[in-house]
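Colleague: Sequence:
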Amino acid sequence: MEYLIGVDIGTQGTKAVLIDPKGKVLAHSYKGYDVETPKPSWAQQWPGPWEEATNFTIRSVVEKSNVDPEQIKGVAISSLYGGSGIPVDKNMKPLAPCLIWMDRRAEEEVKWVKENIDLDKLFHVTGNSVNSYFGFTKMLWIKNNLPKVWEQIEYFLPPAPYIVYTLTGEVAVDYSSAGNVGGVFDLKERKWSEEMCENLGIPFKFMPERLVECTDIVGGITEEASEKTGLKVGTPVICGGVDAPVATMGAGALAEGNHVAMLGTSMCWGFITEKPNLSPNLVSMPHCVDSSDIIYTFGGAATAGAILRWFRDVIGTEELEVEEKLDINAYTLLDLKAKDIPAGSNGLLVLPYFMGERSPIWDSNARGLILGLSLVHTKGHLYKAFMEGVAYSLRHNMEMVLGTEAKLDKELIIVGGGSKSMNWPQIYADVTGYPVRIIKNDVEAPLGDAVLAGIATGVISDPNVLKDWLEFDEVIQPNVENKLKYDQYYEQYINLYENTQQIMKTVTAIENK
Numbered sequence: 001m002e003y004l005i006g007v008d009i010g011t012q013g014t015k016a017v018l019i020d021p022k023g024k025v026l027a028h029s030y031k032g033y034d035v036e037t038p039k040p041s042w043a044q045q046w047p048g049p050w051e052e053a054t055n056f057t058i059r060s061v062v063e064k065s066n067v068d069p070e071q072i073k074g075v076a077i078s079s080l081y082g083g084s085g086i087p088v089d090k091n092m093k094p095l096a097p098c099l100i101w102m103d104r105r106a107e108e109e110v111k112w113v114k115e116n117i118d119l120d121k122l123f124h125v126t127g128n129s130v131n132s133y134f135g136f137t138k139m140l141w142i143k144n145n146l147p148k149v150w151e152q153i154e155y156f157l158p159p160a161p162y163i164v165y166t167l168t169g170e171v172a173v174d175y176s177s178a179g180n181v182g183g184v185f186d187l188k189e190r191k192w193s194e195e196m197c198e199n200l201g202i203p204f205k206f207m208p209e210r211l212v213e214c215t216d217i218v219g220g221i222t223e224e225a226s227e228k229t230g231l232k233v234g235t236p237v238i239c240g241g242v243d244a245p246v247a248t249m250g251a252g253a254l255a256e257g258n259h260v261a262m263l264g265t266s267m268c269w270g271f272i273t274e275k276p277n278l279s280p281n282l283v284s285m286p287h288c289v290d291s292s293d294i295i296y297t298f299g300g301a302a303t304a305g306a307i308l309r310w311f312r313d314v315i316g317t318e319e320l321e322v323e324e325k326l327d328i329n330a331y332t333l334l335d336l337k338a339k340d341i342p343a344g345s346n347g348l349l350v351l352p353y354f355m356g357e358r359s360p361i362w363d364s365n366a367r368g369l370i371l372g373l374s375l376v377h378t379k380g381h382l383y384k385a386f387m388e389g390v391a392y393s394l395r396h397n398m399e400m401v402l403g404t405e406a407k408l409d410k411e412l413i414i415v416g417g418g419s420k421s422m423n424w425p426q427i428y429a430d431v432t433g434y435p436v437r438i439i440k441n442d443v444e445a446p447l448g449d450a451v452l453a454g455i456a457t458g459v460i461s462d463p464n465v466l467k468d469w470l471e472f473d474e475v476i477q478p479n480v481e482n483k484l485k486y487d488q489y490y491e492q493y494i495n496l497y498e499n500t501q502q503i504m505k506t507v508t509a510i511e512n513k
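Everything in the sequence shown is counted per the UniProt record's numbering, starting at 1 for the first residue and increasing by one.
Note that these hints are calculated values from the structure, not bench results.
Just to be clear, a hint being listed does not mean it is correct.
Each pair of labels, with its calculated beta carbon distance range [as the list claims (entries may be wrong)]: (1) K440 x I117: 45 to 51 Å; (2) V314 x F204: 41 to 47 Å; (3) G48 x G458: 31 to 37 Å; (4) E411 x K339: 41 to 47 Å; (5) L375 x E274: 52 to 58 Å; (6) H124 x A255: 25 to 31 Å; (7) D462 x K420: 50 to 56 Å; (8) E63 x I117: 33 to 39 Å; (9) E198 x V314: 43 to 49 Å.
Note that beta-carbon positions come from the ideal geometry of N, C-alpha and C, so glycine has one too.
From just these sequences and the hints, can you work out the full model?
Modeller: Put into structure tokens, the structure is as follows:
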């Protein structure tokens, strides 16, 4: 028997699964860690915890499954969007933490780009616009603020490629991770753009020369990595790329117009297309399958599950105490409180911009806002309004496709922790008007990674085999009455941001003085 391992390095933890060639999950493992937020709007991570978690989860699934390492034919690694990537020196030693997707410190650099770079040309070459979300602006922040680090940089390595290096000793970047850097990657030619690097003042040599498909074998497990992971020396390692397209593939989205919302710490809603340069309000990169032809385009909220976690930790302390005493999940208790709250939460509107916002508003100064509080409102009202706020954000992103060449499927698949809520999937259906499908026993990105490893090693011949593996719950249809009410609230959601945008900018400036 032949087996495969998929590993996804997330923002708050790393997951691994071990599967057989028929898609049966024989073992899974998880190890969590934290994000460093030393200042408002800063978010960074050193790669050490990623490496430790990767080694731990791989060893764990090998041991739990009782599979002979000789029978493990490959392992693929995907990761969070790593923003700047890890700046490493000539000895591959990290020089500074990775400024991850959530980080918003590069506002001055964004301003410089807007004043000095032809934005139409930037979009034409890269398929993307400019914002402090993108890695190239974070690289410029390091250049402007950490000159001693800048002088020593050999490469910028995204998270998955860095971890692949620790396992194999080989330096390579997959097309998915490269494209998500923005600014310095030519989306049509599928290569680093020497012209844009020169225009931006980022040395072209910082971009690793070797670019690979997410179905290419980068190298084999080294002796040192073998001791840490339990895998045999030489086991093929694949760089699976950015987690969002891998999770999308893992949900069976492989054809034009398939679209999936991944509800994790953030929300990434994306679709598969062959059409580049669709909208500067969205983000585009090569897909993790057929990277030379297929594009993954997405929009996403910077905070989704993160604001529910904030709610649980700050407002749901009572539920956390019950969880500790009775082992009943705090999120389940909060879900129960929100279960019978009507659509619109009796007049509450939440802007979920707790860490600035990505698409489609691209506003690092945006902040969370609760409008409409009255004495009739309860904790349940608030919790539901938080879920509704993220759903409004999803609809806002989906509407960016209107008027473009892209055509979306009639059904929306949602994956991730948010899909397990008793309320949230119905809210998504009611707010967007799309029937929602949820995967039973959702494995998310690690399953997609395992398939990528299978394709790379010849164990799996066609990624469409995923469609035979996946089992879905009954389709959740939109409630027509709720949809009509949400249409009205959604209009005010858009107005609320537009009417408070300048106030948010001023308040942020006061706080940052």
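Colleague: Against each hint, give a clear statement of whether it holds in the structure.
Modeller: Against the structure, the hints come out as follows:
no.	hint	in the structure
1	K440 x I117: 45 to 51 Å	holds (47 Å)
2	V314 x F204: 41 to 47 Å	holds (45 Å)
3	G48 x G458: 31 to 37 Å	holds (34 Å)
4	E411 x K339: 41 to 47 Å	violated (24 Å)
5	L375 x E274: 52 to 58 Å	holds (54 Å)
6	H124 x A255: 25 to 31 Å	holds (27 Å)
7	D462 x K420: 50 to 56 Å	violated (29 Å)
8	E63 x I117: 33 to 39 Å	violated (51 Å)
9	E198 x V314: 43 to 49 Å	holds (47 Å)
Of the numbered hints listed earlier, those contradicted by the structure are 4, 7 and 8.
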